[in-house]
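Protein chains in written order, with my numbering: chain V, 1 to 328; chain Y, 1 to 272.
Quick caveat, the hints were computed from the structure, so don't treat them as lab data. Since the structure is predicted, the reported quantities are computational estimates derived from the model, not experimental observations. Treat the hints loosely; a few may be bogus.
What the hints assert, rightly or not - Far from chain V, some chain Y residues (derived; all Cβ distances over 12 Å):
| no. | residue |
| --- | --- |
| 1 | K83 |
| 2 | M110 |
| 3 | L156 |
| 4 | E194 |
| 5 | N258 |
Stated by the list, open to error - Label-pair distances were calculated between CB atoms; the ranges are:
| no. | chain 1 | residue 1 | chain 2 | residue 2 | range |
| --- | --- | --- | --- | --- | --- |
| 6 | V | I117 | Y | G219 | 47 to 55 Å |
| 7 | V | V313 | Y | R88 | 43 to 51 Å |
| 8 | Y | E144 | V | I68 | 49 to 57 Å |
| 9 | Y | P85 | V | F120 | 54 to 62 Å |
| 10 | V | R105 | Y | N103 | 26 to 34 Å |
| 11 | Y | T143 | V | F170 | 45 to 53 Å |
| 12 | Y | K151 | V | V313 | 19 to 27 Å |
| 13 | Y | A160 | V | P293 | 56 to 64 Å |
Quick reminder that beta carbons are idealized off the backbone N, C-alpha and C, glycines included.
Below are the chains, spelled out letter by letter.
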Amino acid sequence: MPDQLLFAIEVTLNGLMAGVLYALVALGFVLIFKASGIFNYAQGVMALFAALTLVGIMDGQVPFASLINAVFGTEIHTFGWQVPAIIAIVLTLVVMCILAWCVQRFVMRHLVNQEPIILFMATIGLAYFMEGFGDLMWGADIKKLDVGLPQGINDTIDQVTYGWFGYGFFIDNLDIVATVIAAILVIGLMIFSQYSKQGRALRAVADDHQAALSVGISLNYIWVLVWSIAGFVALVAGIMWGTKSGVQFSLSLIALKALPVLMLGGFTSIPGAIVGGLIIGVGEKLFEFLIGPMVGGATENWFAYVLALLFLVFRPQGLFGEKIIERV
Amino acid sequence: MKDTVEGHVTADGRTIGGMLMEMRNITLRFGGVVAIKDISFDILEGEIRAIIGPNGAGKSSMLNVISGFYHPQEGDVYFRGEKRPPMRPYQVARMGIARTFQNIALFEGMSVLDNIMTGRLTHMNSGIMAQALWWGKAQKEETENREVIEKVIDFLEIQAIRKTPVGRLPYGLKKRVELGRALAAEPKLLLLDEPMAGMNVEEKEDMSRFILDVNDEFGTTIALIEHDMGVVMDLSDRVVVMDYGKKIGDGTPDEVRNNQQVIDAYLGVSHD
Chain V
1 MPDQLLFAIE
11 VTLNGLMAGV
21 LYALVALGFV
31 LIFKASGIFN
41 YAQGVMALFA
51 ALTLVGIMDG
61 QVPFASLINA
71 VFGTEIHTFG
81 WQVPAIIAIV
91 LTLVVMCILA
101 WCVQRFVMRH
111 LVNQEPIILF
121 MATIGLAYFM
131 EGFGDLMWGA
141 DIKKLDVGLP
151 QGINDTIDQV
161 TYGWFGYGFF
171 IDNLDIVATV
181 IAAILVIGLM
191 IFSQYSKQGR
201 ALRAVADDHQ
211 AALSVGISLN
221 YIWVLVWSIA
231 GFVALVAGIM
241 WGTKSGVQFS
251 LSLIALKALP
261 VLMLGGFTSI
271 PGAIVGGLII
281 GVGEKLFEFL
291 IGPMVGGATE
301 NWFAYVLALL
311 FLVFRPQGLF
321 GEKIIERV
Chain Y
1 MKDTVEGHVT
11 ADGRTIGGML
21 MEMRNITLRF
31 GGVVAIKDIS
41 FDILEGEIRA
51 IIGPNGAGKS
61 SMLNVISGFY
71 HPQEGDVYFR
81 GEKRPPMRPY
91 QVARMGIART
101 FQNIALFEGM
111 SVLDNIMTGR
121 LTHMNSGIMA
131 QALWWGKAQK
141 EETENREVIE
151 KVIDFLEIQA
161 IRKTPVGRLP
171 YGLKKRVELG
181 RALAAEPKLL
191 LLDEPMAGMN
201 VEEKEDMSRF
211 ILDVNDEFGT
221 TIALIEHDMG
231 VVMDLSDRVV
241 VMDYGKKIGD
251 GTPDEVRNNQ
261 QVIDAYLGVS
271 HD
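With these hints in hand, go ahead and build the complete structure from the sequences.
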């Protein structure tokens, strides 16, 4: 096989794996949007907050250390212990559930039946609040996150493909792990929403609030549940991106990459988020590989948005979204 | 009046038992508008109780008070002899009061089967972890629930459309699925908000038959709102008549039919 083609295949594979990570972030958006009609601008910041909390707990950082030190004139920064990753992840999950409850109790509950744009504005506020709150709680410095996921080039794949084609594929171990975890998460979520009582209640609430109430579903409970699940997805995304590029503010910007994914996949479709993520991931890598050199490179910065724009013009409901029918 | 009705056996052999629900001096206002004015009536176990009245009489408001969607400013609701504290609609549903809506509130994106399944939610008690892991109690519950659901589907003769998304069904069938969802909850009290609204004659006959059969076979107490006088008189054991938020009649269909106030409200009175 010619080297060019092999290289293209490698680029595609890498694109698929980047796409999985985009899909993971987009999934958080879809979950909340489906159940409550809220476009949660804070999803990216939730990933950042989850990652910050995870690192903080693992390193035994004292929360609000700078605040405590400023008020009491003390010099405490850490408890001096290390928490194993698995326990820290569980604790972070608990924090995300508490956060979900607070969001529902103190923000969303007061905005029931408001216009979508108002709910959207509220989540923008929420994003800024959580960003500042995360900084205050854990400090603003860039942190290294290592929960023990394998990293670096996968040697086996490199050698095997070299043996076959005389060309070794460079695939990052972390990308492989991320793909597997994301796949498990997505399948798990789909089974949960399809077959469990809570999943059925969740779909019911997404469909019709009044009818849901009449069959004994508490809307508040379902919304807390949804925000908790979105928090869980944010945590997984935060771990993956955090391990890859460190836990820092720019982590919250991955939310912007999820937007084109949503426009492609549709805001209401879980499979759509996955396929959209993969298309954007592969698309931008292949575009950069094939067209990039002709236009001076750096196409990855804008490719996804242009694609999303085209979709908005020609298929506004996305690939899998519910068809928009206006009845007159 | 009450004493003669309570605990009796009807001509067609159904037993009508003690007091299931009692509304005492209910008044409901929206701002300055009085939707319900000082209304009291009761619902006995096993009976079919109708609430009728012209447009805007406050019938739907009354049903919404019973099902917890509206909260009256004055008056109390008694359920099985106990005063019911103000409740959210989902709490009322969990007490065993199921309802349908005038303009159908189904989960349009879900299949008929899934819609009816949601009616069983109040009977599922297994925790979220058991659900997620499909373990122990969760599995047993699902089997039990399936049985009830199959019974409901058989009963309403909707086997053929069980997998169809509800959004694609014609109006009459949607009404039937909504009834099915309410029945799946095995309610102690079934509230029907204009079950025959917008139906043709044939669909109306079907629906009447289902309502009678539900009451007869499952012994379910039914309170229904209807516009169509003829249908109501054939179906119900007792009728409450409302007009402009006030109760103007209460009794058996025959008594109500001969009540002068009711005749005036329905036919209009000449004021000359």
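These are the hints, each one checked on the structure:
1. Separation of K83 (chain Y) from chain V is adequate, the least Cβ-Cβ distance of about 21 Å exceeding the 12 Å criterion.
2. The claim that M110 (chain Y) is not at the interface with chain V is violated, since a C-beta of that chain comes within 12 Å of its own (minimum 6 Å).
3. Distance check for L156 (chain Y) against chain V: the nearest CB is about 17 Å away, which clears 12 Å, and the non-interface claim stands.
4. At roughly 15 Å, the least C-beta separation between E194 (chain Y) and chain V is larger than 12 Å, which holds for a residue marked as non-interface.
5. N258 (chain Y), annotated as away from the interface, keeps every beta carbon of chain V farther than 12 Å; the closest lies near 36 Å.
6. At roughly 50 Å, the beta carbons of I117 (chain V) and G219 (chain Y) sit within the given window of 47 to 55 Å.
7. Separated by about 44 Å at the C-beta atoms, V313 (chain V) and R88 (chain Y) satisfy the suggested range of 43 to 51 Å.
8. In this structure, E144 (chain Y) and I68 (chain V) meet the distance hint of 49 to 57 Å, their C-beta atoms being roughly 54 Å apart.
9. At about 36 Å, the beta-carbon gap between P85 (chain Y) and F120 (chain V) misses the expected band of 54 to 62 Å.
10. Our hint of 26 to 34 Å for R105 (chain V) and N103 (chain Y) holds, since their Cβ atoms are close to 32 Å apart.
11. The given range of 45 to 53 Å is respected by T143 (chain Y) and F170 (chain V), whose C-beta atoms sit roughly 51 Å from each other.
12. The hint said 19 to 27 Å for the Cβ distance between K151 (chain Y) and V313 (chain V), and at roughly 51 Å that hint is violated.
13. Checked against the hint of 56 to 64 Å, the pair A160 (chain Y) and P293 (chain V) passes, with Cβ atoms roughly 60 Å apart.
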